[in-house]
Amino acid sequence: MVAKPDFLWLLLLAPVPFLVSALRRAPFPSLDAVPHDTLSSLIGFLIKAAAALAVAAGAIALAQPYRLAENVKLVATGAHVVLVMDRSLSMDFTMDDDEVGSGKESKTQLATRMLMDFVNRSPHDQFGVVAFSSAPIFVLPITGHRDAVKAAITALRRPGIEGTNVGLGLQLALNMIGHDPEATSPVVLFASDGEYGGAGFFDFSLQDALRKAFQREHAHLYWLFLRTHKGNEDVFSAPPRGDEDSPHTKPERHMDLFFKTLGVTYRVFWADSPHAIQNAVAEINRLETRPVTYYEEIPRKDVTPIFYGIAAFASLLLVLAKLAETEFRRSSSFGGQVNVI
Amino acid sequence: MTSAAATVSYRPRERAEGIVIGAHRGRNAGGQGVFLDQVTYLRQPDPRRIDLRLTLRDPFENIYVRRFEQRLAIALYAIVDLSRSMSFEGTAWKMALVGDLCLSLAHSAHELGDAFGIIGCDTEVRQDFFIPATRNRGIEPEIARRFADFAPERRSAAGLLRTATYLAGKRKLVFLISDFRMPLAEIEKILESLSRHDIVPILVSDSAEGNELPPFGLIDVRDLESGASRVVFMRPALRQRWRAEAAARRQALDGLFLRYGRPAFELKDRFDADALSRHLLEV
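Top to bottom, those sequences are chains X and U.
Per the numbering used here, residue 1 is the first one in the first sequence, and the count goes up by one each step.
Per the numbering used here, residue 1 is the first one in the second sequence, and the count goes up by one each step.
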């Protein structure tokens, strides 16, 4: 498209070089005496073509052409990942549930660092971001804009808010997936340190809705579990005989059990050390190699300089031809007079 | 140009016909000139030329008369190609060269008492450039003026084929002045139509056409005759080819001219009357 279409009338001048020569013409009695030469014919045509090109490109450049903004549909290997980040107060403590300080970073910092790393390593993945504490927070819809995703992850490094409601966070993530028709290979990457006595998750209607939503979207679920081992306690295994085995005493174990009943790909990555998290990220990248379709927005672009460049190049050819131009010898002693005897 | 034009010596290849007394050996035997033979009085009843010595010596008592070779005048015609290719201006302007040649021929013809005329042709025989042969010296300035004013404008020299009708009658010395850029077959037709005359082809050329081509560069060649143009990327190899082709054509032309009498005289860059005289007297 062009910004100033009136200048396109000048394109009518483009064939003129084929009618009028750019070179000074050297009169000669008869072309029959001029040997036929392929190279000469080629150069002659090139000069005319270059002149026509210079005129045409100049006219188009004056009209200020631009390329329309467009949505390009691309297919790549990757996934539509919704990052679900726990923003509860407990995330502001270190992995060992200590106060932050003296070189130790909080779980939030660690998790955002790792997520950032994940985003950097997956060039074709699309990301959405959801945060949750007592209630879910819609941060970023699924998008391919890396800068937006990174900014959203950076924004998660705010101090935590009271409460943990994993179920609502997951539900919002699944809604986000459901609203994106392109999300054909959805993944929910859920970074949390588990429930510290939180309830809310085990509302049966919510459980039912989550199960249905997971099955509808065929979303894979990965849980980045941010906690160190404490002694020989294992949050996922059954408690010693006699102890109460309920969601209130062992919430992580029961969440894990619930996720396993969903019928979708599910993994827990126990992030008890920074290395473990890195391995988890690598593992997710390895697992998620389904083809994804996504759209990339290419903004309107002014291509005027290209046409000016073409015109300049063609003109340069003409100047070279002009410099190489010569004529049949003409005697300086002859002044056009008749008296030669 | 109006000053004394150089004189060209010429000689018709065969004996002249006609009755006008002039400078060339004629077919007729008459009362003056170089001794030819003796015949009986019955054949040439001219009592003023009776050869007494032979008459007295003859035992049969016939009367003999001396005969002399009558010298006659001839007519010269310059048939001039006035097509646009003749407007080429290289080392010299071709029309100017032709003008000089014609003026010199007129001057030479009038000095010997011969008649001189010009037939100019482009697509047709140009009536405004037709000067019938005359012994009148007064036309010389007129010839000069015509050539000075004339710029070739038409695209063909087809009129050369129709000049024969203007040259009816006695054998004439015809200077066929052209650059001979037309096809060889056409040249042959022209020569054939003029074959009863003594043809002197004058090939008007220019060193800029053949030898002094630039060694390198782009030339946009415009055909003076048709107006078409073509770009030539001149380089040593092409220049060599160009020259070879020109030489081959020149050779073909000479072969053609020799079949009709004389090789061509090349009027190149400048008019040299002495060279033309040598050329005309040699053959």
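A couple of the hints might just be wrong.
[To be verified] DEER-style ranges, computed between Cβ atoms:
no., chain 1, residue 1, chain 2, residue 2, range
1, U, Ala228, X, Gly309, 29 to 37 Å
2, U, Ala151, X, Ala312, 41 to 49 Å
3, X, Gly309, U, Arg243, 23 to 31 Å
4, U, Asp128, X, Ala312, 31 to 39 Å
5, X, Met1, U, Gly217, 42 to 50 Å
6, U, Gly217, X, Thr77, 40 to 48 Å
7, U, Ala237, X, Thr77, 27 to 35 Å
8, U, Arg243, X, Leu320, 24 to 32 Å
9, U, Arg249, X, Leu12, 51 to 59 Å
Worth flagging that the hints you see were computed from the coordinates, not collected in a lab.
C-beta: ideal position from N, C-alpha, C; glycine also.
How the hints compare with the structure:
1. Distance hint check for Ala228 of chain U and Gly309 of chain X: the Cβ-Cβ separation is about 34 Å, which falls inside the suggested range of 29 to 37 Å.
2. Take Ala151 of chain U and Ala312 of chain X: their Cβ atoms lie about 42 Å apart, and the range 41 to 49 Å holds.
3. At about 43 Å, the CB distance of Gly309 of chain X to Arg243 of chain U disagrees with the hint of 23 to 31 Å.
4. Taken as a hint, the range 31 to 39 Å is violated for the pair Asp128 of chain U and Ala312 of chain X, whose Cβ atoms sit roughly 54 Å apart.
5. The hinted window of 42 to 50 Å between Met1 of chain X and Gly217 of chain U holds, with their beta carbons roughly 43 Å apart.
6. The supplied range of 40 to 48 Å is broken by Gly217 of chain U and Thr77 of chain X, whose beta-carbon atoms lie about 59 Å from each other.
7. For the pair Ala237 of chain U and Thr77 of chain X, the beta carbons lie near 59 Å from each other, so the given range of 27 to 35 Å is not met.
8. Distance hint check for Arg243 of chain U and Leu320 of chain X: the Cβ-Cβ separation is about 27 Å, which falls inside the suggested range of 24 to 32 Å.
9. Checked against the hint of 51 to 59 Å, the C-beta distance between Arg249 of chain U and Leu12 of chain X comes to roughly 43 Å, which is inconsistent with it.
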